[in-house]
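Q: Read off the chains here:
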Amino acid sequence: MFPAPIERQSSSVQALYRIALPVALVLWLLPLIAVALTSVRSAGDITAGNYWGWPSSFNLVENYTAIFENTPIGKYILNSFRVTIPTVMGAVALSCMTGFALAVYGFRANLLVFFMFVAGNFVPFQILMVPVRDLTLQMGLYNTITGLALFHIAFQTGFCTLFMRNFIKALPKELIEAARVEGVSEVRIFWYVVLPLMKPAIAALSVLIFTFIWNDYFWATVLTQGADSQPITAGLYSLNGQWVASWHLVSAGSIVAALPPVAMFFLMQRHFIAGLTLGAVK
Amino acid sequence: MAGLANRINQRALAPWLFLAPGVLMFLFYVIFPVFQSIGLSLYEWDGLGEKSYVGMGNYVELMDDEAFYTSLKNNVIWLVLYMLAIPAGLFIALFLNQTVWGIRLYKSLFFFPFVISQVVVGLVFSWFYDPTFGLMNVVLKSIGLDAIAVLADERYVTYGIIAAGLWPQTAYCMILYLTGLNAVNPEQIEAGRLDNAKGWKMLWYVILPQLKPATFIAVVVTVIGALRSFDLISIMTDGGPWGSSRVLAFYMYEQAFSEYGFRMGYGAAIAVVLFLIMIVYIAGFLYKMYRDEQDN
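Chains as they are written, first to last, in our numbering: chain A, 2 to 283; chain B, 34 to 329.
Treat the hints loosely; a few may be bogus.
Unchecked claim - With a Cα cut of at most 30 Å, we get these calculated DSBU-like pairs of lysine-lysine:
{"#": "1", "chain 1": "A", "residue 1": "K170", "chain 2": "A", "residue 2": "K200"}
{"#": "2", "chain 1": "B", "residue 1": "K174", "chain 2": "B", "residue 2": "K245"}
{"#": "3", "chain 1": "B", "residue 1": "K234", "chain 2": "A", "residue 2": "K200"}
{"#": "4", "chain 1": "B", "residue 1": "K245", "chain 2": "B", "residue 2": "K234"}
{"#": "5", "chain 1": "B", "residue 1": "K245", "chain 2": "A", "residue 2": "K174"}
{"#": "6", "chain 1": "B", "residue 1": "K321", "chain 2": "B", "residue 2": "K234"}
{"#": "7", "chain 1": "B", "residue 1": "K84", "chain 2": "A", "residue 2": "K170"}
{"#": "8", "chain 1": "B", "residue 1": "K245", "chain 2": "B", "residue 2": "K231"}
{"#": "9", "chain 1": "A", "residue 1": "K200", "chain 2": "A", "residue 2": "K174"}
{"#": "10", "chain 1": "B", "residue 1": "K84", "chain 2": "B", "residue 2": "K140"}
{"#": "11", "chain 1": "A", "residue 1": "K170", "chain 2": "B", "residue 2": "K245"}
{"#": "12", "chain 1": "B", "residue 1": "K234", "chain 2": "B", "residue 2": "K84"}
{"#": "13", "chain 1": "B", "residue 1": "K245", "chain 2": "B", "residue 2": "K321"}
{"#": "14", "chain 1": "A", "residue 1": "K174", "chain 2": "B", "residue 2": "K234"}
{"#": "15", "chain 1": "B", "residue 1": "K106", "chain 2": "A", "residue 2": "K200"}
{"#": "16", "chain 1": "A", "residue 1": "K200", "chain 2": "B", "residue 2": "K245"}
{"#": "17", "chain 1": "B", "residue 1": "K321", "chain 2": "B", "residue 2": "K106"}
Claimed, not checked - Label-pair restraints from in silico Cβ distances:
{"#": "18", "chain 1": "B", "residue 1": "P120", "chain 2": "A", "residue 2": "L79", "range": "40 to 46 Å"}
{"#": "19", "chain 1": "A", "residue 1": "V194", "chain 2": "B", "residue 2": "F124", "range": "42 to 48 Å"}
{"#": "20", "chain 1": "A", "residue 1": "A67", "chain 2": "B", "residue 2": "T132", "range": "27 to 33 Å"}
{"#": "21", "chain 1": "A", "residue 1": "E63", "chain 2": "B", "residue 2": "F128", "range": "37 to 43 Å"}
{"#": "22", "chain 1": "B", "residue 1": "P54", "chain 2": "A", "residue 2": "L112", "range": "17 to 23 Å"}
{"#": "23", "chain 1": "A", "residue 1": "A171", "chain 2": "B", "residue 2": "W49", "range": "43 to 49 Å"}
{"#": "24", "chain 1": "A", "residue 1": "F69", "chain 2": "B", "residue 2": "Y92", "range": "47 to 53 Å"}
By construction, these hints were calculated from the structure, which means they are not laboratory data.
All values derive from a computational prediction rather than experimental measurement.
Ideal placement from N, C-alpha and C gives every residue a C-beta, glycine not left out.
Using the sequences and the hints, build the whole thing.
A: Right, dumping it as C-alpha cells:
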C-alpha cells in the first residue's frame, strides 16, 4: 500500500493524521456547508449580512416550505425525474443490446461501429445543438419532456455502449459457446445467458446516467423552456433570477436540486464508483 | 444441413438486429448532426427564413472577430489550468489512501462535489466570490486586504470560474486515483522499499508508472471537461463582464440563439472550430483504443 500505512508511523503522526482528516474535509466542503447552513437562515440574517456566522434562528421548515409553495420548484423536480428515469431505462436497454452485439460477434464493421459510438460520445455539444434542436422542432417535440429524453437516450447510448461492450467482453466466452452447441438461439443467449450476468454493469450505468442526466443543464436550456417541461437545473437558473439576493431561498433550492443525485450516490456508491472508474485499472 | 445454414445466417444477422435501435438513434441524434453543422457553417441562417450560402464567409468573419479570439484564449487557459485537477486529485487520493476508521465515509464525502450539478456549484461559488459578503472577501478584509470582485473583473473572472470547475474535477480525478492506488502491486512496493525507495522516489518510479491507466482516464475526462465548459460560465457570469469570460462553447450558444439574434451559421462555424480542437483528442483516444484492441 502506498503511502505507507499510517499505523506504522509514530503515534504523534497518527494523531496528526486523525486531526488533519476532518479539518481537510471541512475546508473541502466549506462551500457546501455554508449553503446548507444558509438554507436554514432567516431573511433577517440575510439582510443583516450574517452569512458566515451561526444562524440566529433555524428556519428549516419555513424556508423549504416557502420554496415549494411560492415557486414551481416541485414541478421542476418532477420534470427532472420524468426526463431522467426514461433516459436511464432507454440508454441502458439500448446499450445492453449494442454492447452485446459488439462484444460477442466478430463481424467486419465491428470496430468501426464501436469507434463511432466512442467518438460520438466525445464531440462537443455545440456541434450538435442546432441540428438537434431543428430535429426536435420538426418532430413537434420541442419544449417537451419526450424531446429532451429522446436526445439524452441517443447521446448516452455512446458512453453506455463503450461500457457494456467492455464488460461483456470480459465475461467467459465458454458460456456463449456452450449455449450455441446446445442449439440455443442468439436471442435466447442474450436474454438467458448474458443479461443475467450484466446486472452489476446495469446497476453501475444506471446510477451514473441518472446523475449525468439529472445534472444536465445545457440541453435543458436548448430543448425546453418554462416550468412545464424544464428540469431543475434550468429551473434553478431562472429561480435564481427571481430570488435576487434572497440567498436563503437560493440555498434551499440548491440543496433540493442536489439531493436526488446525492442520495443515489450514497445508496449505490459501490456501483457508482465502479462505473466511473472503468478503465482506471488494467 | 438446412439447420446449420440457418444458424450461420442467424449469427450473421443477429448483431445487426441488436445494433439497429441504438445505432439508428445515435446516427440521427449525434453523427448526422455533426455533418449537418459542418454544412450549416457555410450558410447564413436566422433559424426561420431561407438559408443563404456564404461559402467560407463565416470563417473569414471569425478571423476578424475579437470575441472569437477572447473565447479561444480562454479555452486555452481552461485547458491548461484544468489540468491542475490531476495532480490535486492525486494528492488528495494519496492523503486518503489509508485504512483508519471511517475512511470510507471520508472518501465519499470528498467525492461529493462531483455528484452535484454544476448549476449548484456555480451558484455556490458566485456567492463565495460576492464582493460584499462572500467568504473570500470576508477573509481578505479580515487580513487587511481590499475586496476583489472576482466575477466582475476582466482580469480575474476566467480564473475564478476555473477555480469553481476545478472543485468537482479534482474530486473526479481523486476517485480515479483512489481506485488505481487500490490496485497497485504490493510486491513492487515492498521491492522498492528494499531498494530504499521512499516518498517522492517511490511515488515517481514505482507508483506513478502503475497508475498510468488512471492518469490516462484522468487526462481524457479533464480535457473533455475543460472544452465542454459551459454551465459554470452561463450560471456565474453569462459570459461577462463584457464578454471577457466567454469560451468557444459559450460564444457559440450566444451567437446561435440569444438576444443578439439567431446566427445559426456563424454559431455552427464556431462549433466546427471547437470540434476541430476536440478531434485531436478523440483521434488520440481512438488510436490508443485501437492499439489496445490489437494487443488483445
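Q: Hints first: check each against the structure and report whether it holds.
A: Hint-by-hint comparison with the structure:
no., hint, in the structure
1, A:K170 x A:K200, "holds, 15 Å"
2, B:K174 x B:K245, "violated, 43 Å"
3, B:K234 x A:K200, "violated, 42 Å"
4, B:K245 x B:K234, "holds, 16 Å"
5, B:K245 x A:K174, "holds, 28 Å"
6, B:K321 x B:K234, "holds, 28 Å"
7, B:K84 x A:K170, "violated, 47 Å"
8, B:K245 x B:K231, "holds, 20 Å"
9, A:K200 x A:K174, "holds, 17 Å"
10, B:K84 x B:K140, "violated, 54 Å"
11, A:K170 x B:K245, "holds, 22 Å"
12, B:K234 x B:K84, "violated, 62 Å"
13, B:K245 x B:K321, "holds, 13 Å"
14, A:K174 x B:K234, "violated, 42 Å"
15, B:K106 x A:K200, "violated, 45 Å"
16, A:K200 x B:K245, "holds, 29 Å"
17, B:K321 x B:K106, "holds, 28 Å"
18, B:P120 x A:L79: 40 to 46 Å, "holds, 42 Å"
19, A:V194 x B:F124: 42 to 48 Å, "holds, 45 Å"
20, A:A67 x B:T132: 27 to 33 Å, "violated, 45 Å"
21, A:E63 x B:F128: 37 to 43 Å, "holds, 39 Å"
22, B:P54 x A:L112: 17 to 23 Å, "holds, 20 Å"
23, A:A171 x B:W49: 43 to 49 Å, "violated, 23 Å"
24, A:F69 x B:Y92: 47 to 53 Å, "holds, 49 Å"
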